[in-house]
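K.L.:
Sequence:
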Amino acid sequence: MADFFGLPRELRDHIYRFYFKVEGGYAYNSSTGKLTSASGQPIELALRSVSRFFREETCGLALGLNTLHFSSEYNHSLQRRAGHFNAILGILEKLKTRYLVWGVSMAGLFDDTIYAHVEAQHPQYTSLIRKTEPGYVFASSWSECWKDTPSKTHQFVTSTLAADAAHPEFSKLTENTWGGRQREADMMILERL
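The numbers in the sequence shown follow the UniProt record's numbering, run straight up by one, and end at 193.
Treat the hints as calculated values from the structure; they're not laboratory data.
List of simulated lysine-lysine pairs, BS3-like, C-alpha gap at most 25 Å:
#1 K152 - K96
#2 K21 - K34
#3 K131 - K94
#4 K172 - K94
#5 K96 - K172
#6 K152 - K131
#7 K131 - K172
#8 K152 - K94
#9 K96 - K131
Label pairs and their calculated CB-CB ranges:
#10 F85 - T113: 29 to 39 Å
#11 S51 - F85: 37 to 47 Å
#12 F4 - G90: 52 to 62 Å
#13 N29 - K152: 32 to 42 Å
#14 S49 - L11: 17 to 27 Å
#15 Q79 - L7: 50 to 60 Å
This structure is a prediction, so every number in the text was calculated from the model and none was measured. Ideal placement from N, C-alpha and C gives every residue a C-beta, glycine not left out.
Kindly produce the complete structure, drawing on both the sequences and the hints.
P.N.:
Below you can see the structure in the form of structure tokens.
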């Protein structure tokens, strides 16, 4: 090995390129979750484990010399998990919205500070949020009342809950407002997932 390291660096770099360059580059194998050569063979990186000196001289060379290929592939289990994840996110968003509308309003936390926050950050929701007095019932679902894009509604709910949570008595005031049958129904939905 001492003879190899005695070679000029330019010559060693040329040898490294010959060793690490793979015809066709690297391809991502979605079933194994690993990179392979384009032909499906494992990538040879044994030289890097010979010594620390080799490892330092060849750092990043394998990925730098080869093209990486990623392709979309149908994966039934991934599709199913993504569907479950999307359903959970939807349920959590509905729970946060319900909590904002019922829990926070029933606790009397919609005060001038929150109205000012909503008016400054989300003016399109000002008139609706002023209607959320304790006991107020909407004829249709909240998402139909807001008539806005889901991303804007999410931003509104998240930032308004955060502003409400800054109230020093938030936990104490809201602990008894979210319960009963609706909470049990929500928990059953989450347990089924």
